[in-house]
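J.: One letter stands for each residue in the lines below.
There are 4 protein chains.
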Amino acid sequence: MKKLNIGIIGAGRIGSLHAKSITYNVPSANIKGITDVNIDNAKKVAFELGIERIYSDYKEILADPDVDAVLICSSTDTHADIAIEAAKAGKHIFCEKPVDLTPEKVQAVIDAVNKAGVKLQVGFNRRFDHNFSAVKGMINDGKIGDVQVIKITSRDPLPPPAEYSAVSGGMFLDMTIHDFDMAMFLAGSEVTEVYANAACLVDPAIGHAGDVDTAVISLKFASGAIGVIDNCRKAAYGYDQRVEVLGTKGAAVASNDTPTNVTFMGEDGVISDKPLYFFLERYMQSFRDEMVEFVDAVVNDKPTPTTGIDGLNSVLVALAAKKSVAEGKPICL
Amino acid sequence: MKKLNIGIIGAGRIGSLHAKSITYNVPSANIKGITDVNIDNAKKVAFELGIERIYSDYKEILADPDVDAVLICSSTDTHADIAIEAAKAGKHIFCEKPVDLTPEKVQAVIDAVNKAGVKLQVGFNRRFDHNFSAVKGMINDGKIGDVQVIKITSRDPLPPPAEYSAVSGGMFLDMTIHDFDMAMFLAGSEVTEVYANAACLVDPAIGHAGDVDTAVISLKFASGAIGVIDNCRKAAYGYDQRVEVLGTKGAAVASNDTPTNVTFMGEDGVISDKPLYFFLERYMQSFRDEMVEFVDAVVNDKPTPTTGIDGLNSVLVALAAKKSVAEGKPICL
Amino acid sequence: MKKLNIGIIGAGRIGSLHAKSITYNVPSANIKGITDVNIDNAKKVAFELGIERIYSDYKEILADPDVDAVLICSSTDTHADIAIEAAKAGKHIFCEKPVDLTPEKVQAVIDAVNKAGVKLQVGFNRRFDHNFSAVKGMINDGKIGDVQVIKITSRDPLPPPAEYSAVSGGMFLDMTIHDFDMAMFLAGSEVTEVYANAACLVDPAIGHAGDVDTAVISLKFASGAIGVIDNCRKAAYGYDQRVEVLGTKGAAVASNDTPTNVTFMGEDGVISDKPLYFFLERYMQSFRDEMVEFVDAVVNDKPTPTTGIDGLNSVLVALAAKKSVAEGKPICL
Amino acid sequence: MKKLNIGIIGAGRIGSLHAKSITYNVPSANIKGITDVNIDNAKKVAFELGIERIYSDYKEILADPDVDAVLICSSTDTHADIAIEAAKAGKHIFCEKPVDLTPEKVQAVIDAVNKAGVKLQVGFNRRFDHNFSAVKGMINDGKIGDVQVIKITSRDPLPPPAEYSAVSGGMFLDMTIHDFDMAMFLAGSEVTEVYANAACLVDPAIGHAGDVDTAVISLKFASGAIGVIDNCRKAAYGYDQRVEVLGTKGAAVASNDTPTNVTFMGEDGVISDKPLYFFLERYMQSFRDEMVEFVDAVVNDKPTPTTGIDGLNSVLVALAAKKSVAEGKPICL
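Chains as they are written, first to last, in the numbering used here: chain A, 171 to 503; chain B, 171 to 503; chain C, 171 to 503; chain D, 171 to 503.
Read the hints as simulated data drawn from the structure, not as lab findings.
Just so you know, these numbers come straight off a predicted model, no measurement behind them.
Beta carbons: idealized from backbone N, C-alpha and C, even for Gly.
Any given hint could be a false lead.
Among chain B residues calculated to face chain C with C-beta under 7 Å, some are [stated by the list, open to error]:
#, residue
1, 208
2, 210
3, 304
4, 431
5, 433
Below 25 Å or equal to it, Euclidean Cα-Cα: the simulated PhoX-like pairs (lysine-lysine) are [to be verified]:
#, chain 1, residue 1, chain 2, residue 2
6, A, 499, B, 499
7, D, 289, D, 229
8, A, 404, B, 306
9, D, 229, A, 190
10, A, 313, C, 313
11, D, 404, C, 306
12, B, 499, A, 493
13, D, 214, A, 173
14, C, 213, B, 172
15, B, 258, B, 306
Hey, can you work out the whole structure from these sequences and the hints?
T.: Here it is, written out as C-alpha cells:
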C-alpha cells in the first residue's frame with residue numbers, strides 16, 4: 171500500500187505537533203517534507219523526526235510532484251492564499267482554523283477546492299475530542315432525544331497579550347470560533363441568530379485594544395434549539411472546556427479532563443486536580459485523531475469530517491457576534 | 171420569653187409546609203391560628219399540628235389582637251391586597267413570591283409596609299439553600315474575587331398544565347422569578363439589561379397559551395458582571411438546580427442534591443442518583459431556614475433578609491424578559 | 171388512635187436526641203416522662219420539649235402504668251439490668267448499643283424479653299441511614315447479584331480520651347461494633363471468622379491503656395462471602411463512613427455525606443466539602459427513622475428491625491476481634 | 171549521542187507493546203532486533219515497526235555485539251534462565267514480572283546481575299501509572315503525613331481460563347503480585363505478615379484447579395503501617411484499579427480512569443463511564459513511562475526504579491499469601 175505523502179507548511183507549535191502525530195500515529199502517511207518562514211524551525215523538526223526534505227518556501231512544496239497533500243499551519247493571514255494555490259497545484263489540503271477572517275476569502279478557498287476537486291479539511295480538532303465526540307454520538311444515537319439546549323463553557327488559563335487582539339481578529343474569531351463550530355456540530359444545525367453579551371473584566375489593556383475578554387453568547391439554531399456559550403480569557407483554575415446538551419430524553423454533560431484521578435482528603439477539604447493545563451494537553455488526542463481522519467479521507471476518497479463550509483459558517487457567526495457587541499442587539503444570519 | 175404569635179393565611183401546600191416548619195423548628199414562634207378559602211384545609215392542618223384557632227376569613231386574623239405576624243400563602247392575585255391590609259392592621263408580614271405580577275402593586279405593598287413600620291419578608295427561600303448560601307458566603311468572604319460571570323440552571327421535572335400559564339403570568343414570572351432573585355443575590359447588584367432567547371420545545375399547548383417553556387436568558391448587572399439563566403419546564407432526569415459563579419480568583423459550582431450518595435457500578439455503566447424530586451424535597455431545608463430568619467427579624471427587630479425591594483426587582487426583571495421575547499431584542503431596566 | 175406513651179431513661183446526648191426526634195417526627199408517640207442520674211439534664215429536656223413528667227429514678231418510670239415503652243439511653247454498664255427490669259415490668263424496650271459488653275448479660279436480656287413477651291429494639295441506627303439502607307435495598311432487589319465482598323470504612327474525626335478505652339470495652343466494642351452489625355446486615359449472614367490486624371498509630375496513650383486505634387479486620391461470613399472493615403480513631407478530614415458491596419452483577423458504593431454540594435475551583439485545585447462532622451450530623455436522619463420504626467413495631471405489633479440477637483452477634487464478633495489481636499491469629503465463631 | 175540498542179525476546183502481547191512504545195516514545199533507544207518462539211510473531215512486529223533484525227533464537231540476541239540491553243517478554247517459566255544468560259553476556263535487562271515463581275531462582279538472577287554489573291529492571295509498570303505515582307508523590311512530599319493504612323482494590327473484568335491457574339502459579343503470583351509490589355511501593359516498607367482470606371466465588375472450575383478467585387489480604391508492614399488488598403477475578407463493571415492511603419495528615423484516593431468524562435442524566439439515573447477496559451488500556455501510559463525510565467537508567471547509569479529485590483519481595487509475599495490460605499493463619503516473613 172502506497173503511503174500518503176504530506177508536506178507541512180509551518181513548523182511552529184501546531185505544525186510540529188501535527189508532524190509528530192503523523193510520524194507516530196498515522197502509519198498510512200509519510201511526511202515528505204516541511205517548511206517554515208523561519209527555516210531553523212523546519213530544520214529542527216525535520217532532524218528530530220527524520221523528515222526527508224526541508225523546503226525553503228511553501229511554493230517548493232506545492233511544486234513537488236511527490237507531495238500528495240499539504241498541512242497549512244502558517245500564520246492565519248496566509249492560510250487562504252496558500253490554500254488557493256495548493257488547490258490549483260492539485261494538493262489535498264488540511265488547513266488550520268480559521269481559514270480566514272473574512273467570509274469572502276473563505277468562500278474563495280471553497281471555490282478553488284471545488285474547482286480543483288481536492289479534499290479540504292479545516293482544523294476543528296475539538297470535534298474529535300473523546301468527550302465531545304461521545305456527546306455527539308449520544309445525540310446521533312437518539313439517546314438524548316430532540317436537542318433543546320446546548321451549553322458550552324470555554325475558558326482559558328491565561329489571556330493572550332493585548333496586542334494579539336488586533337492580529338487575531340479578537341476573541342470571537344480567535345477563541346470562540348472553536349465554540350461556534352462545536353455548537354453547530356452538536357446542534358446538527360446552523361446558527362440563525364447571535365446575541366453577544368460581552369465585557370472586558372480580565373485585562374483593561376484588552377479593552378483598550380478594542381476587544382473583549384469575557385462573554386455570554388446567546389444562540390438560536392435553525393432547528394429551533396437554543397444555545398449559550400460562556401467565555402473568559404482567564405480562569406484562575408485553568409483551561410475549562412465543558413459542554414452540556416439537554417434534549418427531550420435527558421442531558422449529556424462533558425466535564426473537564428484532569429492529569430490524574432487522585433483526590434486528597436485533608437483538613438482543608440477534599441481536593442482534586444485542576445483541568446489539564448491548556449489546549450496542547452487537553453486536546454492532544456483530538457489533534458491525533460483529526461489527522462488520522464484527514465489521511466483516511468484522502469486515501470480512501472471519503473468526505474472530510476470538517477469542511478470548508480464549516481470553516482465559513484464559524485467565521486460568519488463570529489463576525490455576527492462582533493457586530494452584536496458593537497450594535498448592542500441580536501444579529502440574524 | 172414571649173413567643174411570636176403567627177397567623178397563617180392559606181393552608182395549601184406551601185401554607186401547611188410553613189405551619190409544620192414553625193411547629194417543629196422555630197421554638198420562638200407559636201402558630202396562633204390559620205385560615206383558608208377552603209375551610210377544611212385549615213381544619214386539617216390545625217388538627218394535625220394542634221393549632222389553637224381556625225379563622226373563617228383572613229380579616230379575622232388581621233383583627234385578632236393576639237396575632238403579631240402573618241404568613242400570606244394564599245393565591246398570588248390576593249397577595250398584595252392582603253399584605254396592604256395586614257400592614258394597616260400593624261401585623262408583620264411574610265409574603266410568598268411573587269408579591270404581585272405588577273410592579274405598581276408591589277410598590278403599593280412596600281409603601282404600606284413602610285408607612286406602618288412593620289416588617290416584610292418575601293419568600294425567596296432559595297437564598298437560604300445550603301448550597302447557594304455557601305456560594306454567596308464564598309463571594310462575601312472574597313474567596314472568588316470579583317464576580318465576572320453568574321450562571322444558573324433551573325429545570326423542572328414536569329411542566330405545569332398549559333392553562334396555568336395565564337394565571338401564573340407565564341414562565342418568567344412564575345418559575346424564572348426565583349432565578350432572577352438568585353442572580354441578583356449572587357451578583358450583589360441589580361440587573362440592567364435582559365435578553366431572553368426563548369422557545370416552546372416541551373409542550374405545544376404551552377405555546378398556544380402564549381407562553382414559553384425553554385429559555386436562555388442573558389443578563390447584565392450594574393456591577394459590570396454578566397450572567398445567564400437557562401430554564402426548561404421539563405428535564406427527563408428531574409429537578410435540576412445548579413449555580414456557578416466565576417470570579418477573578420476562581421469559580422464556585424453548586425451541584426444538585428440527591429436522595430443518596432450511593433453509586434452502582436454495573437455492566438451498563440456507573441449509575442448514581444437523579445436529583446431530589448422537586449422543590450418540596452430539594453428546598454425543605456431552605457423553607458425551614460427562611461422561617462427561622464423571619465421570626466428572628468421580627469422578634470429581635472432586625473432587617474428581613476429578603477425585602478419588598480427584592481420582590482419588586484425580580485418582577486421588573488421578569489417583565490423585561492417577557493418584553494424581550496415579544497420584541498426580539500434586549501431590554502434595559 | 172391512642173398514642174404510644176414513652177419513658178426515656180437517660181437525658182444525655184443520645185437521650186435528648188431521641189426525645190426531640192419523637193416530639194417532632196413521630197406523631198403516633200408521646201413522651202410521657204424522662205429521668206437521668208443527673209436530674210437537671212432531665213429537667214432541661216423536659217422544659218424545652220414540654221414533657222409532662224420528670225422522674226427521680228428509672229424505677230419510677232417502670233412503675234408508671236401510663237408508660238408503654240422505654241428508651242434505655244443510660245450508661246452502657248446499666249443497659250442490661252435496666253432492660254431486664256423493664257421487661258419484667260412489661261415495658262417495650264428500645265436499648266442503645268451495646269446492650270452489654272458480655273454475651274451472657276445480652277443473652278439474659280434476650281431471655282427476659284422473650285419471657286415477658288415485650289418488644290426489644292437495639293440502637294443500630296446506621297441500618298436506617300439513607301445511603302446504607304439503599305445499598306441493602308439493592309442487595310435485596312437482586313441488583314448486585316450474589317454478595318462476594320463487603321468493605322466498610324469507618325473513621326472518626328477525633329479519638330476519645332485514652333481513659334475512655336477501659337470504660338467502653340475498647341475500640342472493637344465501642345466503635346467497630348456498629349461496623350460488625352452493618353457487615354452482617356449487608357451480608358445477610360453471620361460472621362464465622364474474624365482476623366483483626368490492629369495497631370496504635372494515632373495516640374500512644376490509647377496503646378498504654380491497652381487499646382488499639384487503627385485496624386483492618388478481615389471477616390468470613392456463613393454465606394461464603396468475605397469482608398473487611400478498616401477503622402481509624404482519627405482522620406484529619408473528619409468522619410469517614412463508607413460502604414462497598416461487590417456482587418456477581420456489580421458493586422454498590424456508598425460515599426460520604428457532605429454539608430453542601432458546592433465545589434470551588436481555584437489555583438490550588440478543585441475543592442469540595444469534607445464529610446459531615448460527626449455521628450450526630452451524619453446519622454441524624456437514621457436516628458429519626460429508627461425511632462419511627464420502633465414505635466411502628468410496638469403499635470402495630472410487628473417484629474423490631476434490629477433485635478436482641480443482632481445485639482448479641484455484634485458483641486460476639488467484637489470480642490472475637492479483641493481475642494484475635496491478643497492471640498495474633500484468626501478466631502472462629 | 172549514541173542510541174541504546176535493544177533486543178526484544180518475545181513478540182507476544184507485551185513484547186510488541188514495548189516495541190511500539192520504544193519506537194514512538196523513546197528517542198534515545200533503538201530496537202536492533204526481535205525474536206519469538208513463534209518466528210511469525212517476530213516478523214510481524216518487525217515489519218510493522220521497521221525493526222532491522224529478526225533473530226531465530228534468543229541466544230542470537232545475547233550473542234549480538236550490537237545489542238546493549240534486552241527486554242525479556244517470553245513466558246514466565248523462561249524469564250530467570252534467560253536473565254541469567256543475558257547477565258553473563260553483559261546485557262542490561264528489563265524483565266517482565268514475575269521474574270520467577272520461586273524465590274531461589276529470583277535470587278539467582280539477582281546474583282548473576284550483580285556479578286555481571288548490569289542493570290536489571292522488573293516490569294512493575296503500575297508504579298509509573300499517573301494516578302499511583304501521584305499518590306506516591308504525595309507521600310514523599312509529606313502531604314499525607316505518616317502512612318497508617320494502605321488499601322488496594324484490584325479486580326479484573328474477566329477471569330482467565332481455569333487451566334491457566336496451574337501455569338501462572340495461581341491468583342496471588344499472577345494477579346496480586348502487582349498489588350503486593352504496589353503496597354510495598356506505597357508503604358516504603360516491606361511486608362512482615364500476610365493473612366489471606368480467600369474464596370472461589372466467581373468460577374468453580376478455578377477452585378477445582380486448586381486456585382482462588384476472590385480475596386481480602388491483610389498486611390503488616392515493617393514500618394508499623396497496616397494494609398489490605400481486595401481482589402476479584404471478575405467485576406461485572408470491568409477493570410477496577412483503585413488505591414487509598416490514609417496518613418496522619420489526610421488520605422489520598424486514586425479512582426479509576428475512564429474512556430470519557432461524559433455523564434448522561436436520564437430517567438434511569440445519572441450514568442457515567444465504566445473504567446477503561448483492561449490493563450492494556452488502563453496502563454498504556456505506565457508501560458511507556460517504565461520504558462523511558464529503563465533506557466534512562468542504562469544510558470545515564472542510574473539505579474533502575476524497580477529492582478530484582480522488588481521482584482523477589484513480591485514473590486515472597488505472594489507465596490506467603492498462598493501458604494496463609496493453605497494453613498488458615500497469618501504467615502510472618
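J.: Could you run down the list of hints and mark each one as holding or not?
T.: Quick rundown of the hints versus the structure:
{"no.": "1", "hint": "208", "in the structure": "23 Å, violated"}
{"no.": "2", "hint": "210", "in the structure": "20 Å, violated"}
{"no.": "3", "hint": "304", "in the structure": "5 Å, holds"}
{"no.": "4", "hint": "431", "in the structure": "4 Å, holds"}
{"no.": "5", "hint": "433", "in the structure": "5 Å, holds"}
{"no.": "6", "hint": "499(A) <-> 499(B)", "in the structure": "6 Å, holds"}
{"no.": "7", "hint": "289(D) <-> 229(D)", "in the structure": "19 Å, holds"}
{"no.": "8", "hint": "404(A) <-> 306(B)", "in the structure": "22 Å, holds"}
{"no.": "9", "hint": "229(D) <-> 190(A)", "in the structure": "36 Å, violated"}
{"no.": "10", "hint": "313(A) <-> 313(C)", "in the structure": "23 Å, holds"}
{"no.": "11", "hint": "404(D) <-> 306(C)", "in the structure": "22 Å, holds"}
{"no.": "12", "hint": "499(B) <-> 493(A)", "in the structure": "14 Å, holds"}
{"no.": "13", "hint": "214(D) <-> 173(A)", "in the structure": "19 Å, holds"}
{"no.": "14", "hint": "213(C) <-> 172(B)", "in the structure": "20 Å, holds"}
{"no.": "15", "hint": "258(B) <-> 306(B)", "in the structure": "35 Å, violated"}
In the structure shown, a violation is registered for the earlier hints numbered 1, 2, 9, 15, in ascending order.
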